[in-house]
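Chains as they are written, first to last, in numbering that gives the first Met the number 0: chain A, 0 to 248; chain B, 0 to 463; chain C, 0 to 248.
Hints in this document: simulated from the structure, not taken from any laboratory. The beta carbon of each residue, even a glycine, is placed where N, CA and C say it ideally should be. Take the hints with a grain of salt, since some may be wrong.
Claimed, not checked - Within a straight-line C-alpha distance of at most 20 angstroms, the following computed DMTMM-like cross-link-like pairs (lysine to aspartate or glutamate) qualify:
# : chain 1 : residue 1 : chain 2 : residue 2
1 : C       : K83       : A       : E70
2 : C       : K83       : C       : D69
3 : C       : K83       : A       : E84
4 : C       : K83       : A       : E26
What the hints assert, rightly or not - Which residues of chain A face chain C? A partial, calculated answer using Cβ under 8 angstroms:
#  : residue
5  : E19
6  : S20
7  : P23
8  : V42
9  : A46
10 : S48
11 : A100
12 : T112
13 : D116
14 : E119
15 : D124
One-letter residues, chain by chain:
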Amino acid sequence: MHLLVVVGEAARFAGRVIVESVRPPYEFRETLRQLFELGCRSVPLIAASGFAVGIVLSMHTRASLARFGAEALIPAGLAIALVRETGPLTAGLLLSGRIGAGIGAELGAMKVTEQIDALEATAVDSFRYLVVTRVIACVIALPLLTSLMNFTGMFGGYVAETSITGTPFQAYFRQAFTAIEFSDLIPATLKTMVFGFIIASVASYLGINTNSGTEGVGRASTQSVVASSILLIAANVLLVRIIFFFYPV
Amino acid sequence: MNRMRSALVGAFVLVGLLLFGTGLFLIGDRRLLFVEQFEINSTFGKVTGLEVGTAVTVAGLAAGEVLEITLPSRPSDRFHVRMRLREDVRHLIRADSTAGVQTDGIVGNAFIQISVGTDASPPVTAGDTITGIDPIEFADLIQEGRDTFRTVSQEIIDLQDDVSGAVAALTETVETANGVIENVGQDLETLTATGSRIATDVEGTIADLRVTVNDVGNGQGSIGRLLTDDTLYERLTGIGSEAQLAVRNLRETTDRARAAVEGFTGPNGTSQQISQTLRNTLAEVQEVTSDLAEGTEALKRNFLFRGFFRQRGFFDLDTISTQAYQAGILEGDDRTALRVWVDAGVLFAVDPDGVQRLTEEGRRRIDSVMADLVRYPRDSPLIVEGYADASEGGAPYLRSVDRAQLVRGYLLQRFRRQATLTDIMALGESAPDSPRGDGRWSGVALTLFVRNDALGAFANTSTR
Amino acid sequence: MATDRPAVELRAVSKSFGTRKVLDDVSLTIEAGRSICILGRSGTGKSVSLKTIIGLIRPDTGGVLIEGEDITGLSSRELSRVRKRIGFLFQYAALFDSISVGENVAFPLRRHSDLANDEIRSRASHLLTQVGLGREYDKMPSDLSGGMKKRAGLARALALQPPILLADEPSAGLDPVTAGEIDALLVTLKQQSSTTLIVVTHNIPSARTIADELVFLHEGRIIAQGAPAALDRSDIPLVRQFMTSEGAG
């Protein structure tokens, strides 16, 4: 029963986010600020992780493909793996950690210190000011960060590969793109907008509904990460299914 | 929100978009979305492995992709395939270029390979249709292979009889000779030994062939290896003509052996003469037996594929002499040549600069000839024989080549004849069967080689 | 402005949280320019009544009239319009901890006025000077002491020069000197402008200094109401007990 109530409330919350996000006036400045906090500040994390993931993936691809004498397919294999799934999902999960925890804790703290009430008392729609801006910033940032992850991943792959075979940069990227279609890149990248929506909405919901003091803030933060990660993975299954429906392989 | 932060957000958004955009561009670049392009069409009887987006290569160079595959409106029609190619390869694709469905290795992706045309043909323009060659399908090949090998087995049995007969006659003759002349004893011994060795060899070879035929018939053996080869067509046609040659040699050799033996057993002549004749004969027999051995060896390698190609209608006219052609080598036992003579006066006109071209009336004439021929199976080989009279001036042979090519080009384009089943034979002025009665002809003859079984069925229909 | 109407009027307001009745049929009229103190023991609905007045909490039954307009049925946009006329000083100041002290004060101006940046800064700076924080403009809220935060919160509440000011426990948790300073500020405010003051406190000396009228809440009901001198003579034991206490924070 309690679970049903939470799911129902969360769904209404998400619906409200969508409705409010398209209705003017827009909190442009605050959205920009959130884009900085959530987007720009995640760049080092995503770039470094992407690079590392690229190196590791490259080593695995090499190990598998070398068995069949198919070393020539390493860049393409790595690129497909990154672009189609690894990039979007890894970026999504990393950011649900960083952004989800951040939003959950920040809004939770604002809730218990009455800052949200203070916003309302200042005649500011706290939902639009705090939640919608974060969700929009996240929806914008996720595909951008995913693209960054894809790139640094491929760059990591290139570094790993060139250290073994000395493949030139251009040749590597040209080969990497021989197997990727628009239908690989576009839906996979754009689906992270849904990830962004999930992360920011879930974290905001839990943050805003924090009740019992400092302890509640910590809980909101942890729950944000857990709930948004699980929802994100579940949504990913659904999204991949939908993508395959529209772009059968 | 200070300016620095705004700038960072701006940089973040721009770099993200730039990376995404670069990805899109690289894909688009590969798919040639940013270079000038043109569209071209082709038709196929079957489209195994083809789909929208399938790569198209021109002489091996990645040059475009399949845009659309349209279903045939009725079973006898062909699939219509629309392709988009980069403009800069257009000058390589000529009216006589062909498009074939090929496969990257045995389990690889299908792709369309367009062959570069000949310099003489005009370049295609956007929207043209070039001839499509159907893919060879594994299953089909094996099925057709089975049928073929049944025929081959029969031929081997026939041949065995011929060869055994010849060898038996040879041995018998030698034994008879043995009684007559003493001083050639040593030669005879050698010969007898050779004769029986050849006999064993030939029998062995034929037994081997049977085993191979059975193996391949059951789906085993070496044919599988051949299928993975890119140059399958060329190799198979090559082997086919070699095999034909080998069989012909073997038959000739057998005949010569008979003749030699018959010459020896002639009743008249002195001992001296007989002795000399015998020596000659024996030398000849020896030569023949070594030829026989050689022919058998050649046969062993190539014989398997002969019937297969004859049945399918693949042949290589380059390896056939005009004499052999006119002797009816393409007809064999199982095909009949339907020949329609068309006079040059109707067909061609000569431009002021001396170039021949097909006249409007000539086209109509060919259309009406083809109207009679289209009743026969489409996979029957059609040969356009070119003839030219010496009285017309110039070199008759060259003129006959031009004529045959003009007509063939028209047939490919107008009737969508398969290029591999439509070829030319330039015969100069020699036309033994010419309706003019003087053994010469000026013009062309359209000759359709129809399988006898198909011929009968259709002939009956047409007479009713 | 309708001066003939009361600044704030509660009409038979009831509010329950779960089974606990926090406000029980409370009716209260506060004329413009008056200042009242709401007194009572902890958890008797003092803060809730303030939040009800500004619309942060909607009553279950009854009406809340601000300058004659019932706000219980208003949309969030209409509510914003009303809220701009009310300043609210929160118990723990509830400064926005992501922006500087000065920007906290400037925040309502930035949101609700068309003033140029320089003008907003100078006004915010002036407000801070008034509460004795003239040099703290660029500090972050976390760098301020509790008393300074309260003063900054007061400056923020006054930024839009609201005709009504609500203050929740302005001197709670402060040392007597600081508490006295805050009280002095409120008195000054009352004297200089005709601001309607509604202060929740349980500090009787403060209340005596500030208020024209005292209202006693007990278990969600008003048990006594009147001028301090009158209540001194009240025959309700609880009220007398309160009035004689020195009421530290």
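Hold the hint about A:V42 up to the distance rule: shortest CB distance to chain C must be less than 8 angstroms. Where the cut-off is 8 angstroms and the nearest Cβ of chain C is about 20 angstroms from A:V42, the hint is violated.
Distance restraint between C:K83 and A:E70, which requires alpha-carbon spacing of 20 angstroms or less: Distance ~68 angstroms between C:K83 and A:E70 Cα, so the pair is violated.
Have a go at the A:E19 hint: is there a Cβ in chain C nearer than 8 angstroms to its own Cβ? violated, 10 angstroms
Please check whether A:A100 passes as an interface residue: C-beta within 8 angstroms of a C-beta belonging to chain C. For A:A100, the interface hint is violated, since the closest Cβ of chain C sits about 16 angstroms away, which is over 8 angstroms.
With a cut-off of 8 angstroms, does the beta carbon of A:E119 approach a beta carbon of chain C closely enough for the hint to hold? holds, 6 angstroms
How about A:S20: closest beta carbon in chain C under 8 angstroms, or not? The hint is violated - A:S20 has no Cβ within 8 angstroms of chain C, the shortest such distance being about 15 angstroms.
Going straight from one Cα to the other, do C:K83 and A:E26 come out at no more than 20 angstroms? holds, 18 angstroms
Hey, does the A:A46 contact hint survive, CB to chain C under 8 angstroms? Violated. Min distance 25 angstroms.
Can the hint on A:S48 be confirmed by a CB-to-CB distance to chain C that is less than 8 angstroms? violated, 26 angstroms
Please check whether A:D116 passes as an interface residue: C-beta within 8 angstroms of a C-beta belonging to chain C. The hint holds - A:D116 has a Cβ within 8 angstroms of chain C, the shortest such distance being about 5 angstroms.
Between the alpha carbons of C:K83 and C:D69, is the straight-line distance 20 angstroms or under? OK: C:K83 and C:D69 at ~15 angstroms, within 20 angstroms.
Would the hint on A:P23 stand, with a C-beta cut-off of 8 angstroms toward chain C? With Cβ-Cβ at 12 angstroms, over 8 angstroms, it is violated.
Hints 1, 3, 5, 6, 7, 8, 9, 10, 11, counting from the list given before, are not met by this structure.
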